[in-house]
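Protein chains: 2
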Amino acid sequence: MERQFDEELKQLKEKLMQMASLAEESISLAVKSLKDRKEELARHVFKGEEAINLLDVEIDNLGLQLLALRQPMAVDLRFIYAAMRIAVELERIADLSVNITERVLDLLKVPLLKPLIDIPRMAEMAQKMVKDSIDAFINRDDKLARNVCERDDEVDDLNNQIFRELLTYMMQDPTTIKRAVDLILVARHLERIADHATNISEDVIYYVKGKTIKHHCETNTRSEKK
Amino acid sequence: MERQFDEELKQLKEKLMQMASLAEESISLAVKSLKDRKEELARHVFKGEEAINLLDVEIDNLGLQLLALRQPMAVDLRFIYAAMRIAVELERIADLSVNITERVLDLLKVPLLKPLIDIPRMAEMAQKMVKDSIDAFINRDDKLARNVCERDDEVDDLNNQIFRELLTYMMQDPTTIKRAVDLILVARHLERIADHATNISEDVIYYVKGKTIKHHCETNTRSEKK
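Protein sequence lines correspond, in order, to chains A and B. Be aware that the first sequence starts at -17, since it is given in the numbering used here, and climbs by one per residue. Be aware that the second sequence starts at -17, since it is given in the numbering used here, and climbs by one per residue.
Looking at chain A on its own, in the form it has when it is part of the complex (with noise of 0.2 Å):
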């Protein structure tokens, strides 16, 4: 019985590492269609997100049935709690990767407005973010999930700059205001995307240490954020 339930605690695990490359993935295809120019990669995007909401649905019902049949404690309690409401996250990011997808193939029908390098920066800043909160949530590392959640800050920062950016671009040729903010969508959908990881963040550290930081963790929600 004790064994049984361990094995699957180790599935839900499994799962939700599964589910978490998808959806690292599915940000670095989203950004990586719109640098190189490639449509075809767009088109991952989506067969990426029916296989991530696929994994969501059976991570929710596995882990109420663990929760409904072996009335789990404590630390275990925690950890299918945590690892549902991190699934729950990583569909959300799965979600904006979508919408970044949407607006990229907008972007690929018209010329590129310039060279895109903090785009891509934020990024790999997101996807690093989203790959280091599942990593402490699987090795129970309350500091890098802590380290993640200050990185929050350096995304926003590099959100405003392109924001700022973009509107001198538009204010000085009206004909590049719809690409401007398509390209704002998808810094603001990466934003986005670093919050969740952010959220995921929070949620190792109630599994790990048993409290919750929630609300605690954000230092700058009254920033600036477009």
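Simulated from the structure, these hints should not be mistaken for laboratory data. Each statement offered as a hint is correct.
Identical copies go unnamed one by one, so any copy, or any two together, can satisfy a pair.
Capping the alpha-carbon separation at 27 Å, the derived lysine-lysine pairs in DSS-like fashion look like this:
| no. | residue 1 | residue 2 |
| --- | --- | --- |
| 1 | K91 | K160 |
| 2 | K29 | K193 |
| 3 | K96 | K160 |
| 4 | K29 | K17 |
| 5 | K14 | K110 |
| 6 | K(-8) | K193 |
| 7 | K29 | K91 |
| 8 | K191 | K(-3) |
| 9 | K193 | K(-5) |
| 10 | K193 | K113 |
| 11 | K193 | K(-3) |
| 12 | K110 | K(-3) |
| 13 | K14 | K91 |
| 14 | K110 | K29 |
Given the structure of chain A, go ahead and fit chain B onto it with the hints provided.
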């Protein structure tokens, strides 16, 4: 013992209703401050968010305590889990109201771009969706929950319409760009609030029916979202 458990479930429900009513108020205050050009209303949104964050932590703690100590079965388990998930959605809604308010504070520094009609309408729709999704939870009304999901498309359409209209303004007169982009972001935040109400409704259907409709309620994931 049983009676005490019922009392705890009632407490959970009441906290959630209180949180929902604060979240609804935050949407309405944020947009009213824009429409009536009253900065002091915007300030209330920040206050409300703090109260909402506190309730979120309280609901989470109470829910986990109930899961651990009462080891609830079937419908009680689904109720507690749904309540905890709904609290997460409400907290995101409050965050988005804060994001709207940040744009509003910028918009109040400059003359109005145009009389606002669609954005207040969109806010009303989103707010009603939040209200109905919570009513559906309280009354175990899966029909109402489904109806909320269906309304999400209307909000998306309105968002796209607002986006296109503001794009036209920017093209015609570059001095409107900053204001137009701020309004586009306000509309986008409202559209995301409607998404969260849809998520709540999906949780309600799961709670009432015992099966997940996640990723099925959303019929238009592939449609344009700005």
